[in-house]
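There are 2 protein chains.
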Amino acid sequence: MELPARFESLASTSGSAANYVPLTPTTFLSRTADVYGDLPSVCYGETQYTWRQTEQRVQSFARALLAMGLQPFDTVSVLAFNTPEMFEAHYAVPLAGGVLNTINTRLDADTISYIFERAETRFLLIDRELLPMAAMAIESCRARGQTLDIVIIDDPTAAAKPDVPADAYEFDVLLAKHHTARSDYLPAVVADELAPLAINFTSGTSGRPKGVVYHHRGAYLMAMGTVSGWAVPRHPSYLYLVPMFHCNGWCHAWTMTIMAAKVVCMRSVDPDAIFAAMQTHQVTHFGGAPIVLNMLANSPNKPARLNPDRVVQAMTAGAPPPASVLAKMADMGVEIMHVYGLTETYGHILQATPQPDWAEMDVQTEAELKARQGVRFPMTEQVGVIDEDGNEVVHDGETMGEIVIRGNVVMSGYLKDPAASEDSLKNGWFYSGDLAVVYPDGYIQVRDRAKDIIISGGENISSIEVEGALYKHPAVGEAAVVAMPDEKWGETPCAFVELKQDADASEQELIDHCAAQIARFKRPKKVVFGPLPKTATGKIQKFELRVKAKTLVS
Amino acid sequence: MELPARFESLASTSGSAANYVPLTPTTFLSRTADVYGDLPSVCYGETQYTWRQTEQRVQSFARALLAMGLQPFDTVSVLAFNTPEMFEAHYAVPLAGGVLNTINTRLDADTISYIFERAETRFLLIDRELLPMAAMAIESCRARGQTLDIVIIDDPTAAAKPDVPADAYEFDVLLAKHHTARSDYLPAVVADELAPLAINFTSGTSGRPKGVVYHHRGAYLMAMGTVSGWAVPRHPSYLYLVPMFHCNGWCHAWTMTIMAAKVVCMRSVDPDAIFAAMQTHQVTHFGGAPIVLNMLANSPNKPARLNPDRVVQAMTAGAPPPASVLAKMADMGVEIMHVYGLTETYGHILQATPQPDWAEMDVQTEAELKARQGVRFPMTEQVGVIDEDGNEVVHDGETMGEIVIRGNVVMSGYLKDPAASEDSLKNGWFYSGDLAVVYPDGYIQVRDRAKDIIISGGENISSIEVEGALYKHPAVGEAAVVAMPDEKWGETPCAFVELKQDADASEQELIDHCAAQIARFKRPKKVVFGPLPKTATGKIQKFELRVKAKTLVS
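If you're matching them up, the sequences are chains X and B in order.
In terms of the numbering used here, the first sequence opens at residue 114 and continues consecutively.
In terms of the numbering used here, the second sequence opens at residue 114 and continues consecutively.
Next up, chain X with everything else stripped away, as it sits in the complex:
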C-alpha cells in the first residue's frame, strides 16, 4: 500500500526489532513468572508449584529437548492426562523451537500410529500408564525408520505401572539433569508469528483424522481474546477438566497464564474428586463438556454450592446444555457460558455471552437463550451464516446457512493435505460445515452438520431434528439418521437405531412416532436396528452409516 510522503521516513524504524515483536503465547509465562513468581501456578494432588517454579521446569524441559537433539519445528507428540507435565509441554516445546502435538488418549493404536507418521513425531512425551496403547504405534514408527525419543511421565498416583522401554527417558530425571540457571533461560521469542506452534488432529468422524496446524499469533490472540470475552479476573482458580489434547485444552493453558491463575490439574474426571479439588482450591473457573456438567449436576454427593464465596464461571461446548442442567448448576452457584468452536478454530470462537436482561426471564426462556452457540468472541474477527450463494441468511431464527469464520484464530491449514485445506479455506472464509440459524438478536444456533443435512424433494431435513424425535420414544437407546438415496425425492432420512436393553419397538412404530412429532416429510422412511459404529472418542461414525445407507432403498 502506498503511504503519503509524510510517512515515508518512518520506513527506517517501522517494523524494527524495537517496535515489532512477533506474537507468541510463550511470553505469557515469562511475564507471569517475572511478575507473580511466588504465586501458585500448577496444582496437582499434593503438588503445588509457583509460577517461578513452573518457569524453571519449563526451561529445563526445553533445554532437555534441545540436548536430545530437537531441531526447529520437530514434532513433539504428547499422550498424557492433564498433569503438570502436560501443561509444561505447552511452553517447553515452543520455547525449544518444536511443534506441540497433543493426542487424544482415547484413540486406537492404529490411529495413533497414523498420527505419528503423519506428524513425523520426533519426540513422544507419554504417561507411563498409556504405554501399552502406544506400543504398537511406537514400534511401527521405529520400523519405518523414524527417530523417536520417548520421555516418560511416571506419575506415582497412576493406577497401572507397565514396563518402560529401556531407551526411554524419565521426565523428572531429565529436569534434574538439565536444570537450567535463570541466566540460561531460553528467550520467549519467535522469528515468525505465523510459524507452526501446534498440530491438533480432528476426531475423524468422517475418515482419517486431519492435522490442524496452529500458529503463534493465533494462540496469542486466542488467549488474549478469551480473557476479554470470558472477563477472566486476576488470579482465578481454574480447574482444568477439559483435556489439554482438545484444541490445546481450548488454549486455556495459555489464557490462564496471562491472568496468573492457579491451574488445578486432575488425572481423570470423577465427580467426587472434582468436588474435593473445587473445595481445596476454592475453584472460581472451569470448563467442561456437557457430560461433565451433567455428571456434576446429578451427583448424589454434590455440595450445596461449589464455591461458597462467589459464583463459579463455567464454559461448556459440544452440545447445548439442557435447561435442567443449567438450573441445577445455577442452584450450585455456577454460571454456565455455552461456547462453540472447532479444532480448526483453536477452540471456542462463539459465546452465548449473557445479556443483562436474561436474568429477569423465566428459567426456561433463559435456558433456551443460553443454549444457543452465541455471538463472536473478541478474537473472532468475523462470523457469517451464509446461504449457497455466499449471502448472509435472514436473521429470523429459522433460515439455515453454513457457519463461516474469518480471523486470526482460524488454522493455517491441514497438515500435508492441501486439497482439504483449500476446500475449507476459500472465498476468504473457513467453512465450518455446521449449519445454523441466526436469531434477530444476532445469536447463532447450530442446527446440523452440513453433511448431515438430508435434502428431500428440495427441502432440507435436519438429521438432528429427526434424531431428537426418535430419542423421545421410550424404547430408543441411541439413534443416528443419515441420507438414503431415493428415486423420487433424491434423498430421504434413514434411521439407525439401537434399542434400550429389554425394550422393543417395530420399524413402523418408530416411523409413526416421528411423523407425530415432526413434519411428516421428515420422518425416516427406513429404520435399521442394531449397534451403532463409533470412533475411539465415542462419536457415532456417520460416514460408515452413510456408506451403508447408500446400499439401501426406501
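Since the hints were made in silico from the structure, they are not lab data.
Virtual Cβ for every residue (Gly too), placed ideally from N, Cα, C.
Keep in mind that the hints are not guaranteed to be accurate.
Unchecked claim - Computed list of chain X residues with no C-beta within reach of chain B, every gap over 10 Å: (1) S127; (2) R241; (3) L299; (4) H328; (5) D385; (6) N521; (7) S575.
To be verified - Beta-carbon label-pair distances, calculated as ranges: (8) B:V277 - X:D475: 51 to 59 Å; (9) X:T163 - B:N540: 28 to 36 Å; (10) B:A124 - X:K652: 48 to 56 Å; (11) X:D470 - B:K652: 42 to 50 Å; (12) X:P185 - B:V424: 45 to 53 Å; (13) X:P185 - B:I499: 25 to 33 Å.
Said to hold, decoys possible - Derived list of chain B stretches under chain X, where covered just means 3 residues or more per stretch with a C-beta under 8 Å from a C-beta of chain X: (14) 134-147; (15) 519-529; (16) 592-606.
Following the hints, put chain B in place on chain X, whose structure we already have.
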C-alpha cells in the same frame, strides 16, 4: 525461515484472507455494537447513547469525512474536550481511512500551527469554544495553501459561543446529512496492521513537539493487554477523566469498547461534577493524573465512598501518588494502580500491579511499594533497565540505568524526523530517556530523566533528588535543578527557585538546607531566584534553564 517439508503444503492457505486478518481496534466497536447493541455506550450530561447508536454515529461521521473528500491516510486533527464526538473520532477517522491527530487543548497558537503544518492536517474537528485559540493556526494553514475543512462540535453546554467560520461544517448536521444505513456501514478492516492510525505530538519539554506515529496493531494489542493487565470486567462504568488527547486517552477509548463499558465523558475536570457523575453512573473505573486524585482526595465535598457497592479501580500516571493520597483514596473505596508510560509507547506499559501480600503491610510500606512504576503490562513484550554498555543493571533498588522497551506498543517512529526516530529506536530497543532502578522484586522505579542527570566528578546526581530536598524548605514554591558547567567537577547542580508569596530565603540558606538533607556533593552550588519558564501544559521548560545555566559558573 525455512520450514520442514511437512509444512510446505500449508503455503497455499496460510496467511490467506480466511485466517489472516490485520489487527485493528476498529473491530472492537463493530463487535460490541453487534453483541451489546442495547447497552449504554457513551454518556455525557443528559445524553446517553447505546453501542448501536454510537456505531451509527461513527459510521455516519466516517461517511461524512469520505463525502468531504478524505483520502487514505489524510490527517484529521481534533481539538476537543472529552465529549462524545471526541470518542467517536477514535473510530470514525480510522474507519474512513484517515489518521487521527488529537491535540492538547492547552497548547499555544504557535504550536498548534506547527502541528497543523507538520501533520499536514486536512480536516479539523474542533469544539466551538476552542475556535479562538486555533484561529491563527487555521489562518496560517490556509495561507500556506493547505486545504482544511473544519467540523465544529457545537456543545450547548459550552461556556462560550464564539463565531463560527462561514465555511465550517457542524458535526450534528453532518451526521444527519450522512446518516448511514446498516447495509452501507464501512467494514472495520485495514489492509496493513502496521499502517498509521494516529499521530500524537509529545509535550515538547525539550523543544518543538515531535509527532509520534501509532499503528493499528499497536493500538489493538494495547487495548487487549490493558483489559488483561488491569483485569477489566464486563460492562464497567468508566469515567473518562484522562484527556483523550493524551496518547489517545491512554488508548482507553478502544480498551473500554472491548468490555462494552459505559463511557462517561466530561467536558472539564471539576471535583463536584466528578462526584456527581460518579454517583449518577455508579462509576467503577477511572484514570487520572495525580493532580486529579489529589483534588478528589482533598475536596471538602468528597463522599464517604465513591461507589457504595464496590471498590473503584483507578489508574494514575505521571508522578508517584503520595502515601497520603493513596490512604485517603483507599478510605473512599478506591484502589489506585500506578502506571508508567510515554507518548512513544501508546501510554502505560508498566504497572505497579498489587501483590496479594501488600495488603497486609503497614500503610506507609504499601504506599511506597505502590508508588513505584512497576512491572510490565501483558502487551509490553520486554522492558530493560540498562547501563551504558547495554547490560541490565543489578536489581538492588539503587543502581540506576535507562528504561528501554521492546514491543508492539512502541511507536513506529517520529513523523518526518528520521534522525530522532533512529536515535531513540536502536539496538532493538526504544530508549525512554528515563533513568530508573529495579528492586529485587523486579519492580521498576523511575529516578530521573536521562538528560536531567547531573554528572559531577563522575558521580550521578539526580536532579529530582535535589529538587525534592529544596521542596522540603518551607519558603520554596517551585524548584528546578539542572547541570551547570564546572571546571573541576565537570558539572554541578544549579537550582532555579521561585519562592512562595511573602516567603523569604537566601541562596546560602537553601544550599545549607540541601546539604543537610542529601549527600553534600549533591547540594546546588548556585541558586537563581525568579519565576520558572513553563510550557503551555504547565511543565517546567528545563531546556531553557539548561541554556541559562551554561552561562553561569559555580
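Check your understanding: Which hints from the list above does the structure break, by number from lowest to highest?
Key -> 1, 4, 6, 10 and 16
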